[in-house]
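Asks: Numbered according to this note's numbering, the sequence shown spans residues 1356 to 1923.
By construction, these hints were calculated from the structure, which means they are not laboratory data.
Note that this is a predicted model, so its numbers are computed, not measured.
One or more hints might be untrue.
[Unchecked claim] Taking lysine-lysine pairs in the DSS-like style, the calculated list, with each CA pair at most 30 Å apart, reads:
#	residue 1	residue 2
1	Lys1751	Lys1864
2	Lys1851	Lys1751
3	Lys1751	Lys1860
4	Lys1706	Lys1639
5	Lys1895	Lys1639
6	Lys1911	Lys1851
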Amino acid sequence: MEASTVRLPSDSVREADWRRTRMTIKTRHTLLFIACMQPALLHAVMTDNLTIGNAKALSLGHAVTADPPGIDSIHFNPAGLTRLTGRQAELKLVTGVFDTILEFGDHYTDSWTRKLNAAQQGSPSDYTYDEARGQTSTSEGPAVMLPGQGMTELPVVASVLGGASYQPPGSDLTFATNVYSPLMVGFYRADDDPGRFVGRALSFTLLAYFSPSVAYKFTDTLSVGAAITFNYAGVGFDLEFREPNLGLQWLETLRQGSCNTSAPANLFDLSDLIPCIPESEAIKLYDSMAYMYFEVEDPLTFGVNFGVLWEAAPWLHFGAVYQSPIEMDMEGSFTWTQGDSFLNFLQEYDKISPVPFSALGPLANLVEPVVEGEANLDLTMPDHFALGTSIQITPKLKMNADLKFTRWSLWDALTIEYSEVLSVLFVASLVQPDAAPAPLGQNLVLRMDLEDTWNYALGFEYQWNNNLALRFGFEDRPSSIPDDRLTPILPIGDAKLYSVGAEYKASQKQTFSCAVASMQSSYSMPGNTTELGNSEDPVKLIYNPYSGNDITASVKVLLFEASYRFYF
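Whole structure, please, built from the sequences with the hints as guidance.
Replies: Written out as structure tokens, the structure is:
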């Protein structure tokens, strides 16, 4: 039971080779896709607004509702488009470093230790071996869902985005469109990383690839604006599934009984129902039971942004913006590959069962090495509201402040529907029907119970001279995950964002901006404190791959963004 070098079972090696082949093919096609379309390819973990790519907004801590930033006013406050005269375009560069770290304790809770010691009695010597114990998991790099390409692992985190606006001479109307990503989450881990049991790779992309917008200046001080966003949404998930549930010990006890022909029979002996599988092939407590590869997409979904900007005085501005929910009905495919020991048990059981699985219609999938089919995930990007003010404190110093609300409570649960019966979900549906509701073995429900969040942001701009402005920002970014729902699947805790930046006006028609930001987040999950990670409850099959183990999660983000705005 001591921690030692991580090892891979044979089926993990097979799956690793399959993944590498699949990802290599995708990456080769993606290089051409990036060169032609330049979509938002930025990996992040806590990314609402971080992947917009606007240097001014980032450097001011995203406190820009009353001081909208160029073409990205489409997102932050469409009313700000009235400040863009003539024909303007903006190009943006985004790059960054994102580290996701999971640390697993070198000991378990006392209760789990007692259970493991009892389970080890009479079992194979490596029955309770846990390769994750005392280990550290780190992300290797970004994984991004791309239109037409699926989940793709990228070696370099860099993206070029942009948009354009047009205000006819003498008109109070301004028209614009922009390419930006309101939210991106994506990372991948090494094939033997101990964190792969909560996701070897994960990606969620929401990309606004077309955003026709219009703003109207009612008076010299009051403007309104609106935008319709045409969005691509995609989710990818690559998971090695294990479930160190002590219910497996019952199977091990029956296996031992079925192989011990000299033991006296008794009225309650069920060993005849369990095949005699050699000890070397028996299901170990921490064996990988299956591998899931899952991709779903919605190529076209709509959102709406509304904004108001009131320039009450030359030194005092107020702004408000509302971003509507975005309904994402994502469809795609999945591949479910059974783990060797679990598949062997099911196939051997099927041979001695009075009623084989093949006679039970959809349950025939339970003894198939690989199951493929269709998948569906309905998800709603929550609506968002912000109020802001911009105050010119002195002729050179300006302060921005925002108060923001996001309705994350819309993510109460994530429900995935599969077209085929999956072995682990079938078992879970019998003991945990709330997580695997009917039809049996075809639905998965992950309870999230996220909470609505209020947060604030502050930004300061110092006008060094007529051409150069320096900026500083801070944003409080509270987690939407309640304490009793913390999970290593989404390592998102409370965070603080600190940023600095500058803007240089090279001429009346050319402006350069840049920004650097840093953000960190961490939290701890002592053993048996989360229902999605390390619970010891034998009924919680979905999903606790680190039962009884302490887990510490941390995220470190370093961002660099630059933009070039010019007239054409």
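Asks: Taking the hints in turn, state whether each one holds.
Replies: Hints versus structure:
1. About 22 Å separates the Cα atoms of Lys1751 and Lys1864, which keeps this hinted pair within 30 Å; it holds.
2. Between Lys1851 and Lys1751 the alpha-carbon distance is near 27 Å, which keeps this suggested pair within the 30 Å criterion.
3. Of the supplied pair hints, the one linking Lys1751 and Lys1860 holds, its CA atoms being roughly 16 Å apart against a limit of 30 Å.
4. Among the hinted pairs, Lys1706 with Lys1639 is consistent with the structure: their alpha-carbon atoms are about 21 Å apart, no more than 30 Å.
5. For a cut-off of 30 Å, the pair hint linking Lys1895 to Lys1639 stands: about 18 Å separates their Cα positions.
6. This hinted pair checks out: Lys1911 and Lys1851 have alpha carbons roughly 11 Å apart, not beyond 30 Å.
Going down the numbered hints, you'll see the structure goes against none, and every one checks out.
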